[in-house]
Amino acid sequence: MSNKYSLRLRKFILAARAILIAQYSLMIEYRAEIVLWALSGLLPLIMLALWQESQSSISSIFSRDNLSRYFISAFIVRQFTAVWVMVTFEEDTIEGRMAPYLLQPIAPFWRYYLSHIAEQISRIPIVILMLIILILFSPNLFWMPGLKDVVMGLIAIYLAFSVRFMLHWNFSMLCFWTERSSSVERLLMIPYLFLSGLLAPIDSFPAFIKSFALFTPFPYILYYPSKIIAGLEVNTLSVLMTLLFWLTLFTCTGRLLWHFGLKRYSAMGS
Amino acid sequence: MWKLFQSIIIILKIFAKTSFSSEVEYRLNAFVELISVIGNLLGSIFILSLFYSSGSTLGGWEWNSSIVVLGIYIFLEGFIISLLQPSLTSLVKHVQNGTLDFILLKPMDTQFYLSSRSISPWGLPSIIGGFSLIIWGISLGSYNPTLIDLMMFLSTIVSSFIILYSLWFIIATTSIWFVKVWNATEVLRATLVAGRYPVSAYPSILRFLFTVILPITFLTTVPAQSVLGMSSISMTLSSLFLASIFFSISRIFWSFALRFYTSASS
Numbered sequence: 001m002s003n004k005y006s007l008r009l010r011k012f013i014l015a016a017r018a019i020l021i022a023q024y025s026l027m028i029e030y031r032a033e034i035v036l037w038a039l040s041g042l043l044p045l046i047m048l049a050l051w052q053e054s055q056s057s058i059s060s061i062f063s064r065d066n067l068s069r070y071f072i073s074a075f076i077v078r079q080f081t082a083v084w085v086m087v088t089f090e091e092d093t094i095e096g097r098m099a100p101y102l103l104q105p106i107a108p109f110w111r112y113y114l115s116h117i118a119e120q121i122s123r124i125p126i127v128i129l130m131l132i133i134l135i136l137f138s139p140n141l142f143w144m145p146g147l148k149d150v151v152m153g154l155i156a157i158y159l160a161f162s163v164r165f166m167l168h169w170n171f172s173m174l175c176f177w178t179e180r181s182s183s184v185e186r187l188l189m190i191p192y193l194f195l196s197g198l199l200a201p202i203d204s205f206p207a208f209i210k211s212f213a214l215f216t217p218f219p220y221i222l223y224y225p226s227k228i229i230a231g232l233e234v235n236t237l238s239v240l241m242t243l244l245f246w247l248t249l250f251t252c253t254g255r256l257l258w259h260f261g262l263k264r265y266s267a268m269g270s
Numbered sequence: 001m002w003k004l005f006q007s008i009i010i011i012l013k014i015f016a017k018t019s020f021s022s023e024v025e026y027r028l029n030a031f032v033e034l035i036s037v038i039g040n041l042l043g044s045i046f047i048l049s050l051f052y053s054s055g056s057t058l059g060g061w062e063w064n065s066s067i068v069v070l071g072i073y074i075f076l077e078g079f080i081i082s083l084l085q086p087s088l089t090s091l092v093k094h095v096q097n098g099t100l101d102f103i104l105l106k107p108m109d110t111q112f113y114l115s116s117r118s119i120s121p122w123g124l125p126s127i128i129g130g131f132s133l134i135i136w137g138i139s140l141g142s143y144n145p146t147l148i149d150l151m152m153f154l155s156t157i158v159s160s161f162i163i164l165y166s167l168w169f170i171i172a173t174t175s176i177w178f179v180k181v182w183n184a185t186e187v188l189r190a191t192l193v194a195g196r197y198p199v200s201a202y203p204s205i206l207r208f209l210f211t212v213i214l215p216i217t218f219l220t221t222v223p224a225q226s227v228l229g230m231s232s233i234s235m236t237l238s239s240l241f242l243a244s245i246f247f248s249i250s251r252i253f254w255s256f257a258l259r260f261y262t263s264a265s266s
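Residue numbers (our numbering), protein chains in the order written: chain U, 1 to 270; chain B, 1 to 266.
By construction, these hints were calculated from the structure, which means they are not laboratory data. Misleading hints may appear alongside valid ones.
As the list claims (entries may be wrong) - Just so you have them, the derived chain B footprint on chain U, three or more residues with Cβ under 8 Å:
(1) 33–46
(2) 198–210
To be verified - Which residues of chain B face chain U? A few of them, derived with a C-beta cut under 10 Å, are:
(3) Ser-54
(4) Met-151
(5) Glu-186
(6) Thr-191
(7) Tyr-202
Beta carbons are placed, not taken as given, at the ideal position from N, Cα and C, and that holds for glycine.
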């Protein structure tokens with residue numbers, strides 16, 4: 001029995017590795033596009049410029065240094081938590097590519113998940129380059145993050161990415177019921193934009209909006225990981241636990257939706 | 001001349017009708033678009049209010065003036081969704097699939113055809129929402145725009161349409177060489193986000209960048225200034241001048257790029 005499981009696990013790892021390598025070479029081929037994607041994530045830096053000029057109440061909560069650390073960390077977190085699964089999933093189901101994927105020895109979920117990971121790997125040098133250029137332009141933005149902050153931050157980024165991916169995966173399942181589910185992605189962007197701390201740190205929100213935001217997964221996808229990397233005061237353990245909670249929840253619902261959705265699926269174009 | 005104008009109107013009507021009827025099929029979209037525009041409006045006003053939280057201002061702009069800037073931004077966003085996005089993604093697809101050949105053969109200006117063939121109704125909520133914000137912002141303030149202000153507003157907003165359109169078309173044109181370019185339009189959109197706020201709220205280096213290199217100032221700040229009585233005739237003229245330059249570049253660039261077009265499958 002255990003032998004059977006270890007065989008299955010070995011098969012899974014082999015297939016996953018093959019997909020990851022294939023997707024990575026695919027991403028390398030599209031590196032010009034990845035540069036563009038990376039460039040389109042400049043929003044936190046634009047917001048940093050605005051907040052630094054502003055004399056609003058945020059300046060009493062965050063010192064100038066902490067503010068720039070927060071937004072630069074937010075920039076990094078955003079770069080590595082980009083998710084576009086809804087778009088490719090929709091394309092694949094509409095154009096009938098899902099059918100051959102279903103025959104492969106690994107569930108289609110992993111193809112999408114690993115392609116995101118591969119993209120992140122190919123994004124690392126681009127993000128480093130962008131950070132170097134930023135520091136060259138304004139050297140006073142530089143700070144040396146502590147080792148513990150970096151390690152905890154990386155774990156938080158990875159969990160945040162997985163939570164965001166699973167959230168989008170859940171909504172991708174709409175494809176089985178309706179065409180054009182990717183327009184729902186626009187809807188998901190709204191709370192992400194305003195509640196995740198991308199435009200303004202949650203601390204500056206009025207109390208009732210802040211407590212509302214904390215009931216949603218969005219601050220955990222960006223605000224808390226950024227705070228961890230920036231070395232600001234935050235309860236790291238409880239952040240990671242909350243991220244794990246959301247991850248488990250979305251994984252369960254995602255599996256259920258996939259199970260029911262697949263029953264409705266009939267390949268198009270065949 | 002009159003006949004040409006008439007036929008342009010007829011063609012535009014047909015294009016609008018066919019693209020509209022192909023879009024209404026997807027009713028989920030309408031609902032989603034409506035909700036997301038309402039969310040976007042509320043969220044944007046909320047974030048803007050944070051800048052004014054303790055009696056501070058945004059780059060010296062009053063609260064109501066910043067609302068006008070935001071309104072113009074959302075208005076332009078609707079314009080992008082309705083007109084620019086659908087037609088320019090279709091341009092990229094035509095190049096990818098080699099169907100651009102058929103369009104080049106049509107007895108019609110290619111740039112005109114490509115820019116007006118697909119129109120999407122989903123920008124309408126943003127257009128209406130943005131317009132209401134502009135009106136709200138004006139009515140909150142004490143300044144009543146005069147007829148001259150309104151005329152300057154009209155010409156500056158038309159200029160910002162033309163500048164935006166030209167930027168998009170220039171980027172889409174590069175698809176003749178690089179096949180997948182819609183990510184480049186994403187970069188453009190991401191940079192234009194800076195236009196949500198008056199340009200004077202940025203540090204001086206960015207202000208320079210947004211005026212001289214990327215004309216973000218002329219997209220939202222200048223039209224807002226003109227409707228709030230903070231602009232001048234010379235500002236309006238330079239905005240129109242800039243728009244005509246951008247438009248000419250987009251046309252010249254398109255005919256230049258076509259020389260490099262070799263059909264996809266041949």
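To see whether the hints hold, each was checked on the structure:
no.	hint	verdict
1	33–46	holds (count 9)
2	198–210	holds (count 5)
3	Ser-54	holds (4 Å)
4	Met-151	violated (31 Å)
5	Glu-186	holds (5 Å)
6	Thr-191	holds (7 Å)
7	Tyr-202	holds (5 Å)
Hint 4 from the earlier list is the only one contradicted by this structure; the remaining hints agree with it.
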